[in-house]
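A.B. asks: Just so you know, the protein sequences line up as chains A and B, in that order. Quick note: the first sequence uses our numbering, first residue 2, plus one each step. Quick note: the second sequence uses our numbering, first residue 11, plus one each step.
These aren't lab readings, by the way, just hints derived from the structure by calculation. Everything numeric in this text was worked out from a predicted model, so none of it was measured. Take these hints with a grain of salt, some might be off.
To be verified - No more than 30 Å apart at the CA atoms, straight line, and that leaves these computed lysine-lysine pairs for DSSO-like:
#, chain 1, residue 1, chain 2, residue 2
1, A, Lys-45, B, Lys-79
2, A, Lys-53, B, Lys-52
3, B, Lys-79, A, Lys-10
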Amino acid sequence: DTAVSQTPKYLVTQMGNDKSIKCEQNLGHDTMYWYKQDSKKFLKIMFSYNNKELIINETVPNRFSPKSPDKAHLNLHINSLELGDSAVYFCASSQEWAGGRNTQYFGPGTRLTVL
Amino acid sequence: AQSVTQLDSHVSVSEGTPVLLRCNYSSSYSPSLFWYVQHPNKGLQLLLKYTSAATLVKGINGFEAEFKKSETSFHLTKPSAHMSDAAEYFCVVSDLRTSGSARQLTFGSGTQLTVLP
Numbered sequence: 002d003t004a005v006s007q008t009p010k011y012l013v014t015q016m017g018n019d020k021s022i023k024c025e026q027n028l029g030h031d032t033m034y035w036y037k038q039d040s041k042k043f044l045k046i047m048f049s050y051n052n053k054e055l056i057i058n059e060t061v062p063n064r065f066s067p068k069s070p071d072k073a074h075l076n077l078h079i080n081s082l083e084l085g086d087s088a089v090y091f092c093a094s095s096q097e098w099a100g101g102r103n104t105q106y107f108g109p110g111t112r113l114t115v116l
Numbered sequence: 011a012q013s014v015t016q017l018d019s020h021v022s023v024s025e026g027t028p029v030l031l032r033c034n035y036s037s038s039y040s041p042s043l044f045w046y047v048q049h050p051n052k053g054l055q056l057l058l059k060y061t062s063a064a065t066l067v068k069g070i071n072g073f074e075a076e077f078k079k080s081e082t083s084f085h086l087t088k089p090s091a092h093m094s095d096a097a098e099y100f101c102v103v104s105d106l107r108t109s110g111s112a113r114q115l116t117f118g119s120g121t122q123l124t125v126l127p
């Protein structure tokens, strides 16, 4: 069984569109994250939720909005997509928010291409 | 602020020879340190982690890393490289500061490991 899954795996869309990426974890973890990996492979955290509560909200455009319907899901919605949003987006989860000491388990990534 | 510097963006070794991937960190508090590996078009997989227990940490696939506080380093090593080790490797730091949103993982820029036959 996949521990952290993301859908879709690939997403190609036009500028200006609105799209969502879904993430689900079946590990029973309390905390979930979204990361953006740019073309140079640099990973930067975007958001983190702990028990459905937003605990990290880095400086990202407000076109990006995370939504956590329950603690097993953390979806990422992006409005008015721009060329610069093209990247690989990774979802991750960890057992509990303990200063980041607990291991984060990553999903396979979603490669977003904005044309 | 915490930070991670991976000193080499690319490392190339021959199969069967040792691997050394260098990582230096900066953290004001007691850090946790991780190494993750990313194979082409794959997600991130944890290799090993240090969380203030033994300073020499053993991970999967024969990798290990040594936490050296005096040198603020956490270099990743493997005695003998295998072709399947070719991937991108990320050194990651997390500290225990409690202010605001500061408790988070900070990734290094990555080191691409190439293994030559």
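A.B. asks: What hint numbers does the structure not satisfy?
C.D. replies: Hint 3 is the one this structure does not satisfy, whereas the remaining hints hold.
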